[in-house]
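There are 4 protein chains.
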Amino acid sequence: MIKVTIWNEFLHEINNPIVASIYPEGIHGAIAAGLNCDQISVRTATLAEPEHGLSEETLNDTDVLIWWGHLAHDLVDDEIVERVYNRVLAGMGLIVLHSGHASKIFRKLLGTPTEQLKWREADEKERIWVIDPSHPIAAGIGEYIELEKEEMYGEHFHIPAPDQLVFVSWFEGGEVFRSGVTYSRGQGKVFYFRPGHESYPTYYNQEILRVIANGVRWAAPSATTAPSYGHSEPLERILVKS
Amino acid sequence: MIKVTIWNEFLHEINNPIVASIYPEGIHGAIAAGLNCDQISVRTATLAEPEHGLSEETLNDTDVLIWWGHLAHDLVDDEIVERVYNRVLAGMGLIVLHSGHASKIFRKLLGTPTEQLKWREADEKERIWVIDPSHPIAAGIGEYIELEKEEMYGEHFHIPAPDQLVFVSWFEGGEVFRSGVTYSRGQGKVFYFRPGHESYPTYYNQEILRVIANGVRWAAPSATTAPSYGHSEPLERILVKS
Amino acid sequence: MIKVTIWNEFLHEINNPIVASIYPEGIHGAIAAGLNCDQISVRTATLAEPEHGLSEETLNDTDVLIWWGHLAHDLVDDEIVERVYNRVLAGMGLIVLHSGHASKIFRKLLGTPTEQLKWREADEKERIWVIDPSHPIAAGIGEYIELEKEEMYGEHFHIPAPDQLVFVSWFEGGEVFRSGVTYSRGQGKVFYFRPGHESYPTYYNQEILRVIANGVRWAAPSATTAPSYGHSEPLERILVKS
Amino acid sequence: MIKVTIWNEFLHEINNPIVASIYPEGIHGAIAAGLNCDQISVRTATLAEPEHGLSEETLNDTDVLIWWGHLAHDLVDDEIVERVYNRVLAGMGLIVLHSGHASKIFRKLLGTPTEQLKWREADEKERIWVIDPSHPIAAGIGEYIELEKEEMYGEHFHIPAPDQLVFVSWFEGGEVFRSGVTYSRGQGKVFYFRPGHESYPTYYNQEILRVIANGVRWAAPSATTAPSYGHSEPLERILVKS
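Order-wise, the sequence lines are chains A, B, C and D. So the first sequence is numbered by UniProt numbering: it starts at 1 and just counts up by one. So the second sequence is numbered by UniProt numbering: it starts at 1 and just counts up by one. So the third sequence is numbered by UniProt numbering: it starts at 1 and just counts up by one. So the fourth sequence is numbered by UniProt numbering: it starts at 1 and just counts up by one.
No lab work stands behind these hints: they were computed from the structure. Keep in mind that the hints are not guaranteed to be accurate.
Intra- or inter-copy, both count: the list cannot distinguish identical chains.
Unchecked claim - Straight-line Cα separation of at most 16 Å, EDC-like style, residue types lysine to aspartate or glutamate; simulated pairs: (1) Lys149 x Glu25; (2) Lys108 x Glu82; (3) Lys108 x Glu233; (4) Lys104 x Asp63; (5) Lys149 x Asp123; (6) Lys108 x Asp77; (7) Lys3 x Glu57; (8) Lys241 x Asp123; (9) Lys241 x Asp61; (10) Lys3 x Glu121; (11) Lys108 x Glu236; (12) Lys125 x Asp78; (13) Lys241 x Glu148; (14) Lys241 x Glu121; (15) Lys3 x Glu115; (16) Lys104 x Glu148; (17) Lys149 x Glu236; (18) Lys125 x Glu236; (19) Lys149 x Asp78; (20) Lys149 x Glu49; (21) Lys241 x Glu146; (22) Lys241 x Asp74; (23) Lys3 x Glu207; (24) Lys3 x Glu79; (25) Lys125 x Asp61; (26) Lys3 x Glu143; (27) Lys104 x Glu57.
Predicted model, so just to flag it, every value in this text is computed and none were measured.
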């Protein structure tokens, strides 16, 4: 059983009637409903909760954290960001969705200004092509996922070269985007997945949910031994040199 | 249940009494005994069998193929190599062990003369360091695996830059070696793992067996949809240009 | 001064009047005219010449080989392919253009059936986006190169994960493609660049020529010492174990 | 002509007579003397200077910045770190040496706690093996560089998987280390090179200086066009959907 915590800033759904009508249970609620299964247990957390719902206890009991944010990245407390950061380095998986590319945690883990990309809201068609058909994150997906309407994100996306490139998107208006990328950070695995603008019902799409569920299984910790650091005694006898 | 076929050329164990005394059931037998568990079912195949034990039927029923060869790479039939090659591209995992680096299948999949490396048989200590502690292949392993006596393999190892570098070995005589490397090829995943010279009881080492079992789980197919190729109709309407 | 040899099978330009009218000096001639400068000296070679124009002498005097082929990959002699292969491993740069993806040399160096991809001839617009703005191959190029009409190549392109992904193409008909990818093989560097169907004047485009010239400079040999391989004496004293 | 600025915290050489006797002109002075040539012009900067010697004007006139620090990482002003960071993203090369792995700028660019590694001062032999013989940073180096006495750095080194792995070190005491690694960040290139503890005359070693000079040439900016970001008009007409 993989323990997932879905974090959502949960503001659009409260402030915007259109978004509320699409996601009456919140974006986190839609994803939670879509992920719950025999192998995955889900809880949710939101910005307004104490400690944003991400207490030490909750994070220590989380295998994979999913992150959706957009309007209020700056309102996320630096201490909580640090806490999530340390948990990722210690093995917790992290899945960053859509506008979460500009979150403090993603920028901190990647080291580049990941908030920088091209964007446009124009009800465009997106076609998410599978680039690495060997990757478990693409399991069960055909050659591409097509979304009738989505926000456009275009290159250049200001990320480091990914460890693995799983998806690349085509957009109607003429742009491409690295839509599915993975990174290792310490013992933790990070997956960024592009789709999911708040004004579209993307998180009800069964293929999108399948990718997120695949991502959860891929990013779950590997029970790897934690490395040690610092001053170390030699393992072999060292020759004394004159 | 992951279905594993362990292929061994099975010559040293027959021709050399010392090797026979170490591996009375063959190297394949030792690995098979070490891998068998609730999640993994194992069968074996050897050079001398018809079709080297790798019939279409057997390969189609194999999730992960493990390969050990040394003396007789050239005796492996090109048609069987082609068959294994196509199965890997179609999703079968492949784990190549030790001197299997010079096998036809590894050379063909990697595109470089992977038979080229430095080597020495001198009962040296090897220390296999974990480089990527996020990788599932390193799960359950401490900071390193120490083998009291092994054959030395040294850089430069004539492989392409790996997709992921999991282990690097230190050798008593002064060399280093990329001991655990992974590659994707089509829908298939490939893991090369260095240790296992025939004159040492390496394949009884519980940590070595753990790595191989981890490799089996990592390399098992992902149920990804097979890509299609060739002439394609447009998905969007194309503007007629004058 | 970097010594470049441009190899072209030179068949379309002879057999097809339309191609002949676009490339009266051959595709090799157009590229040669576009590359010649103070830093680069160019010679050409074609399929019909003895040894396809790629004698030992010529290859040993070549820093970077550019390859264009389409109709007659199978007519390229295996011995010449082996010769080119060995020169690449020894440090000669290789730039493979467009339909050269299906050449024997590219397939051999990469280890996958690189002839496999999607394609379509429909006078489509191609937009080649810069993905890695730090890469010298993209120097002097804006955010993208636009080609009014080109042949479409679409994913999945059956290549190994590239060492570096420099360009990704958008096509009018709805596909994307990894249009600029690099690999290291031994001491040699390999660059694949997608555009250049014979029925379009792509190799007169100044940005396309700039990318090829950048690629020449990037792929030129680095004067690196050749590695040695084989049995090696220890560099350190090895403890005798009981 | 590549313009290099060598930054050194310049404290050991002032406070420690042994270090002063090895580097009477400072570590920056030794490297500057070793790099100066027809193609490279060098200036230096140190912690004690106003703005640490890294004014906007100086940085804007710098192609490649070399960084050595150890005792006083925390005394480097955050504003200067931000300035260097932005210059790297805009194309300035950065070479981080030895204990500079714990500098603010390296940690910020890489996104992991790069201060974490194993270490030991025990006059150990280090052997720096060339792993990628195609890489221009290894040009002119044999199979390895041997340093009679150096500080040991051992894995796990808490860095992201590098874009390119150029060197791996062997240490007498039994450890290995990824000694030469490269990264792209925006338009800038970053090279970390391990050797150079202040108590050894490493920066007079001609091979070490050769690698640093190679690194300078590799990391020099590529005249690439700066990407643009933010809201973008469509390049193609978007179908209005009902």
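Hints, one by one, checked against the model:
1. Taking CA atoms no more than 16 Å apart as the test, lysine 149 paired with glutamate 25 passes in neither setting, with 21 Å inside one copy and 47 Å between copies.
2. When the C-alpha separation of lysine 108 and glutamate 82 is checked against a cutoff of 16 Å, the pair qualifies both within a copy, at 9 Å, and between copies, at 14 Å.
3. When the C-alpha separation of lysine 108 and glutamate 233 is checked against a cutoff of 16 Å, the pair qualifies neither within a copy, at 33 Å, nor between copies, at 30 Å.
4. Neither within a single protomer nor between protomers do lysine 104 and aspartate 63 lie at most 16 Å apart by alpha-carbon distance, with minima of 20 Å and 30 Å respectively.
5. Only within a single protomer do lysine 149 and aspartate 123 lie at most 16 Å apart by alpha-carbon distance; the minimum there is 5 Å, versus 27 Å between protomers.
6. For a Cα distance limit of 16 Å, the shortest separation of lysine 108 from aspartate 77 inside one copy, 13 Å, qualifies, whereas the shortest one across copies, 19 Å, does not.
7. In this assembly of identical chains, the alpha carbons of lysine 3 and glutamate 57 lie at most 16 Å apart only when taken from the same copy (13 Å versus 39 Å across copies).
8. In the homo-oligomer, the alpha carbons of lysine 241 and aspartate 123 lie at most 16 Å apart only across protomers (7 Å), although the nearest pairing inside one protomer, at 71 Å, exceeds that limit.
9. With identical chains, the CA atoms of lysine 241 and aspartate 61 are never at most 16 Å apart, being 51 Å at best within one copy and 44 Å at best between copies.
10. For the homomeric pair lysine 3 and glutamate 121, neither the shortest alpha-carbon distance inside one copy (34 Å) nor that between copies (43 Å) is at most 16 Å.
11. For the homomeric pair lysine 108 and glutamate 236, neither the shortest alpha-carbon distance inside one copy (38 Å) nor that between copies (35 Å) is at most 16 Å.
12. For the homomeric pair lysine 125 and aspartate 78, neither the shortest alpha-carbon distance inside one copy (36 Å) nor that between copies (43 Å) is at most 16 Å.
13. For the homomeric pair lysine 241 and glutamate 148, the shortest alpha-carbon distance between copies (9 Å) is at most 16 Å, but the shortest distance inside one copy (71 Å) is not.
14. For the homomeric pair lysine 241 and glutamate 121, the shortest alpha-carbon distance between copies (13 Å) is at most 16 Å, but the shortest distance inside one copy (68 Å) is not.
15. Taking the closest pair of Cα atoms, lysine 3 and glutamate 115 never come within 16 Å of each other, the shortest separation being 28 Å inside a single copy and 31 Å across copies.
16. Proximity of lysine 104 and glutamate 148 under a CA criterion of 16 Å is satisfied in neither setting, with 30 Å inside one chain copy and 40 Å between copies.
17. In this homomeric assembly, lysine 149 and glutamate 236 come within 16 Å of each other (Cα to Cα) only across copies, at 15 Å, whereas the closest approach inside a single copy is 62 Å.
18. With identical chains, the CA atoms of lysine 125 and glutamate 236 are at most 16 Å apart between copies only, with a shortest distance of 10 Å across copies and 61 Å within one.
19. For the homomeric pair lysine 149 and aspartate 78, neither the shortest alpha-carbon distance inside one copy (34 Å) nor that between copies (43 Å) is at most 16 Å.
20. Taking the closest pair of Cα atoms, lysine 149 and glutamate 49 never come within 16 Å of each other, the shortest separation being 32 Å inside a single copy and 55 Å across copies.
21. In the homo-oligomer, the alpha carbons of lysine 241 and glutamate 146 lie at most 16 Å apart only across protomers (15 Å), although the nearest pairing inside one protomer, at 67 Å, exceeds that limit.
22. Proximity of lysine 241 and aspartate 74 under a CA criterion of 16 Å is satisfied in neither setting, with 56 Å inside one chain copy and 35 Å between copies.
23. Proximity of lysine 3 and glutamate 207 under a CA criterion of 16 Å is satisfied in neither setting, with 21 Å inside one chain copy and 28 Å between copies.
24. Taking identical chains as interchangeable, the C-alpha atoms of lysine 3 and glutamate 79 are never at most 16 Å apart, the minima being 23 Å within one chain and 40 Å between chains.
25. Taking identical chains as interchangeable, the C-alpha atoms of lysine 125 and aspartate 61 are never at most 16 Å apart, the minima being 38 Å within one chain and 40 Å between chains.
26. Taking the closest pair of Cα atoms, lysine 3 and glutamate 143 never come within 16 Å of each other, the shortest separation being 30 Å inside a single copy and 27 Å across copies.
27. In this homomeric assembly, lysine 104 and glutamate 57 never come within 16 Å of each other (Cα to Cα): the closest approach is 21 Å inside a single copy and 30 Å across copies.
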